[in-house]
Amino acid sequence: MSVNEQQIPDYDLDEMLVVTAPEQLRALADPLRDTLLELLLERAATVTELARAVDRPKSSVAYHVNLLVDAGLLKVVRTRRVRAIEERYYGRVARTLYVGALHRPEDKQTVAAINGLAQAAAESAAAHAADDLRCTLVHARIPREDVRAFWAEVQALARRFAQIPRAGDQVYGFVAGLYPTDAPTLPEPSAVSEAGPGVGDAQSRS
0 MSVNEQQIPD YDLDEMLVVT APEQLRALAD PLRDTLLELL LERAATVTEL ARAVDRPKSS
60 VAYHVNLLVD AGLLKVVRTR RVRAIEERYY GRVARTLYVG ALHRPEDKQT VAAINGLAQA
120 AAESAAAHAA DDLRCTLVHA RIPREDVRAF WAEVQALARR FAQIPRAGDQ VYGFVAGLYP
180 TDAPTLPEPS AVSEAGPGVG DAQSRS
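Numbering that gives the first Met the number 0 applies: residue 0 is where the sequence shown begins, and numbers increase by one.
Hints in this document: simulated from the structure, not taken from any laboratory. Everything hinted at is true.
Keeping only pairs whose Cα atoms sit at most 20 angstroms apart, straight-line, the calculated EDC-like set for lysine to aspartate or glutamate is: (1) Lys-74 to Glu-41; (2) Lys-57 to Glu-86; (3) Lys-74 to Glu-86; (4) Lys-74 to Glu-14; (5) Lys-74 to Glu-22; (6) Lys-57 to Glu-37.
Work the whole structure out from these sequences, hints included.
The following block contains the structure:
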């Protein structure tokens, strides 16, 4: 396999895991654990490597890694013997973690999942100030079945982004969102023609 065709990450994992259990949602609802999961999309890593990457004590990172393992979101993908110590390399159980249950006001046990758009807004503030932010926002009135089809294409694009061979010294973020809004919509043309011209529509004739 050539460098441009290297497997990313460097271990086998499922394409998707549907996250519904409360302990899994609680595990995801933490910025540090979210960062650890993102780092492991590149390659498997030890607690020491992860601690160095996030500049946190090994004991703290080990706690969060073990919590993610217990929640079924991380796993040991390989080990290496170094002197008398066995190093464990951790990886994700799935490339995409799909939240299948969200927080409801009456449910006090389930923790709300992190809003990726809000997180991206905070992360991208510096890039926006430096005029180095690529962003687009579009509204469209489309059928629900087209929403599902379009979102599948977006997810495929996100997977492609995550598998680009690593190089350079800058980490880029990619965020996408598809959500219902209360933006105004135009009436159907047939409804307008049946109602006749409104105020300001008709032109006066001399």
